[in-house]
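> Residue numbers (this note's numbering), protein chains in the order written: chain A, 846 to 1747; chain B, 11 to 129.
Any given hint might turn out to be false.
Quick list of the computed label-pair ranges, beta carbon to beta carbon [said to hold, decoys possible]: (1) R1340/A - P97/B: 49 to 57 Å; (2) P963/A - P97/B: 39 to 47 Å; (3) Q54/B - R961/A: 58 to 66 Å; (4) Q54/B - R870/A: 30 to 38 Å; (5) A34/B - S1649/A: 55 to 63 Å; (6) A111/B - R870/A: 47 to 55 Å; (7) Q54/B - V893/A: 15 to 23 Å; (8) R1340/A - R115/B: 53 to 61 Å.
So the derived list for chain B, only partly shown, Cβ under 7 Å to chain A, looks like this [to be verified]: (9) A34; (10) G36; (11) G40; (12) Y41; (13) G53; (14) G60; (15) T61; (16) Y92.
Note that these hints are calculated values from the structure, not bench results.
Backbone N, C-alpha and C fix where the C-beta goes; we use that ideal spot for every residue, glycine too.
Below are the chains, spelled out letter by letter.
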Amino acid sequence: MSRGDSLALRCYRAGVALYPRDFRRRFGDELVEFARARLDAARSRGRVAVAGRCAQLALDLARTLPAQWLAAAHGGLPAARFAAERLQAPPSSAYPRHNMDILANDLRFALRSLARRPAFTVVAAITLALGIGANTAIFSVVNAVLIRPLPFDDPGRLTMIWGTQGTQSNLGVSYADYVDWRQLNHTFADMGVLRAQSVNITGRDTPDRLIGAFVTASLLHTVGVNVARGRSFTDAETDVATTAPVAVVSDEAWRTRFGSDSSLVGRTLTINGTPVTVIGIMAPNTHLPLGFSVDVMVPIGYYPNAHGLDRGNRGVWVVGRLARGVTLDAARRDLATIEKRLAAMYPSTNAGTGTDVHSLADDTLGPVRPRLLLILGAVGLVLLIACANVANLQLARGAMRSRELSVRAALGAGRGRIAQQLLTESLVLAVVGGTAGILLAMALVPALTALLGPQLPVDDPSSIHLDARVLLFALAASIGSGLLFGLVPAWKTSRTDYSAALRTRVGGGLRHAATRSTLVVAQLALSLALLASAGLLVRSLVALVHVDPGFDGSHLLTAQFRLAPSKYDTPAKIWSMFDRTIAEIRSLPGVESAALVRASPLSGNGETYPATVLGGSAGNRTDSVALQLNGVTTGYFATMHIPIVAGRDVATTDRIGTQPVIVVNRSFAEHSWPNESAIGKQIHVGSIDGPLTVVGVVGDARHFTLNEQPLLQGYIPYAQLPQVFTSVVVRTRGDPLTYTKSVRDAIWRVDRDQPVWRFRSMEQDLDAAVRSSKTTMVLVLLFAAVALAVAAAGVYGVMSYTMSQRTQEVGIRMALGANARQVARMVLGEGARLIGIAVVVGLGASAGAARLLQSQLYGVGANDIVTFVLVTVVLTGIAVLACYLPARRASRVDPMVALRSE
Amino acid sequence: MPRPDPRDFLPLSPVVLHVLLALAAGERHGYAIAREVEETTGGQVRMGPGTLYGSIQRMLAAGLIDAARRRHAESDDERRRYYRITPLGRRALELEVERLARVVRQARASHLLPDPEPT
């Protein structure tokens, strides 16, 4: 409750900031104190009373803001004469008459006058509902993702500790380094290790694969993972020297995989072939950093990768909780000092490496924040354009109503009163539009969640919904747009000289022409900026889709499996299994070629190791670089259609005991041996013993993302360093996904207990790689289209209104001999002037928008002339069309009819 | 500058009338004025902060009321500004009440209002 109140008070404070400066300075504090007292008094009477008070405060603001600005525009108040004049009750109004009466009166009047012109009301309300609805829907996503705190205790102190090497950052770190950091640092309350990896669970009906995490007890402590049943790990259980065979199961896995069996604690599971005892079940809704969801946690000591915990192997992630009051920079400096000492002690593994500390929030939200803000900005522009449109409609209406308003003025209604009344109408309209907008948002959110959900760092997509904060946003957006589209017309209309209006019979139609034209120019200019942004995103996406990934993704099936390390406990056993498996798959009918690769491109897997080039003279080491290393069987490059540029493929003759070899990609060869042949050169990689000799150079292939800078890549023969996890790539005739069963059966012919998962076609992975760009592009394009439609309607409205006001003039011109063509040209010329100004302003705005957009662009510059020209043509075309229709109508006017109309 | 004539302010707007009535009983801060008005009118006149302070601003400028910043005996809140009625304000209020009384007498004379019950 108190949170709701303080939020309401904060909103009110923001409202008070809108008063003219003098008034705000003098009474601002008192206004807020007043509102606080009101809200406090209402609080004891429940939510409804508080909501009622909020509504009253909002109305009070809406009614007194224009009055204060009007007063300020009259040169401030100290003039006593003005003060006295204003103090009197308007002689025309029924006396005595209090505030609420006036308000009720205004409301009644507003409703009546809106109901009298249903066409205007419906068009305006729909325009607003579109704008507010779209904004509310997008804001509900922003709220769920960016505004709500991460689901951890004191999340502000949680950090990720990443490795760096040269220009590469966000690398994994080594377990051995972590042990030293944890012991030597002065800035962290605690830190823990996390290495997520699928695990095989056997000894049950069918072999199964769970998402596992190899962790330290300190990870659960650092993150704040609670155990609902049983207990958590002890430090000794996860210490590598004293590792115990224990496991903690997630609440979800307990419910879905083990049928909520309460006797699971104490039972033994066979994980990766090792029997482990379940000691605990995590509490429901337990979260791990970076959105990881795992089924089972086991001590880091069971990490199955060969040498996985060595100092040279940077494969684990470290989560740290800063000590209280410690800044990220202090933590970075602390770790850098330790790293320097480690580099001196272990030069072979630690020279040239470093660390960086990121806040968990940045790492979690960093990738989506700019995209979401971009989408929010785009949809915000749509609302602005909608407001400009409604303001224009209001002005047109104000002009048509000038006789009605003149009568009211003649009867003694002051300017302030008329402005207040018009503003009340706007606010009523805004509330109607806002309500429809909220309903629209409710309908949009599920679609939006389906579209965006999988790409967002939210654990539970249902957390994207209209909560109190979103509704408050919708209310603020409604009132804000009501003020926005209501103030200018109220101000302009109330300043009309009504005595003049009463004297003439034409309703003062062209009076607000300049204001209306300005609004149209603003609409068109904003639309152009949105269109340009959408255009740049479209071109980025096209560039991204057309990126040559370096391999041929068609007709490729991929899958993954991981051998149980206890069953395949020697390199020879692993290799023998791989060898037989690949032979089985290659012999399948319809399979053109097949190979094993540790991490297939765009699957999300992949490892990076420090590599050093061994120079000509013995032992002369150069600086290490980050090498993306993969293990492959023969035929991998042929299967992927990655060209062999020089030397040879890995061969069946490369096996344990023969000379260790490596195939590198072109970028690595050119980086390490410019202007020289790479063949025969030697490099040292990570914790692999001894030098590797380069026997081949192949083309670059994109691995993690399509828009990454070319990576330095190396491929070693699986036979020389087999590891338990592998992917399989199969080039097939026809649809690759139809081979899923036969490939699985082929693997099961070698080992019936082997789980195999993630059967995907490479085209699916390629699609997934562009999906987030596609979503952003689709949304921005959609908003740009809506904006353009609204703006075109605005142009059309202004032009046809102007023409209707000038029917008489047109009639005279035609009677004097102007032909239809000349009249049409006159009208179009007027439109062209507006469009021209809008294009100039809009291109300026587009250049600004493009700069903000830059981080989301790929393969196209922010100042892409082609895009700008194209969107200008589109906008101009549609705007000219919107002018043409009224022009044609004007040119078909029968001069006699036009002249008689007066 | 000529002394302002209290008659210039008549008739008073309802908000001004009620604020002056509330202040006639003693000095008050803004929220207390609003509460007093609400109570004495049985909730019929309810003022939002913007409305109240808009009127206060004009009444200050017209010299009908003035303001004093002071510590209250019980609540030690320095921010509170207390408003009190000036002699000019009191005079305007009296004139307005007399005017209203005349209106009521007139209404009674034309039998628009029942005569007061004898007590």
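> All hints, please: hold or fail.
Going down the list of hints, with the structure as the test:
1. In this structure, R1340/A and P97/B break the distance hint of 49 to 57 Å, their C-beta atoms being roughly 38 Å apart.
2. A beta carbon spacing of about 56 Å between P963/A and P97/B contradicts the range 39 to 47 Å that was offered as a hint.
3. Range check, Q54/B to R961/A: Cβ separation about 30 Å, and the 58 to 66 Å hint is violated.
4. In this structure the hint that Q54/B and R870/A lie 30 to 38 Å apart at CB holds, the actual value being about 32 Å.
5. Between A34/B and S1649/A the Cβ separation comes to about 58 Å, which falls inside the hinted range of 55 to 63 Å.
6. The beta-carbon spacing between A111/B and R870/A, approximately 40 Å, falls outside the hinted interval of 47 to 55 Å.
7. Taking the beta carbon of each, Q54/B and V893/A are about 21 Å apart, inside 15 to 23 Å as hinted.
8. Remark: the range hint 53 to 61 Å for R1340/A to R115/B is contradicted by a beta-carbon distance near 42 Å.
9. Interface hint at A34/B: violated, since its Cβ lies 17 Å from the closest Cβ of chain A, which is beyond the 7 Å cut-off.
10. Interface restraint check for G36/B: the shortest CB-CB distance to chain A comes to about 18 Å, outside 7 Å, so the restraint is violated.
11. Annotation: interface hint on G40/B holds; nearest CB of chain A at approximately 5 Å, less than 7 Å.
12. Because the closest C-beta pair between Y41/B and chain A is about 5 Å apart, less than 7 Å, the hint holds.
13. For G53/B, the interface hint is violated, since its Cβ never comes within 7 Å of a Cβ in chain A; the closest pair sits about 9 Å apart.
14. Annotation: interface hint on G60/B holds; nearest CB of chain A at approximately 3 Å, less than 7 Å.
15. For T61/B, the interface hint holds, the least distance from its beta-carbon to any beta-carbon of chain A being 6 Å, beneath 7 Å.
16. Because the closest C-beta pair between Y92/B and chain A is about 11 Å apart, greater than 7 Å, the hint is violated.
Going through the hint list in order, the structure does not satisfy hints 1, 2, 3, 6, 8, 9, 10, 13 and 16.
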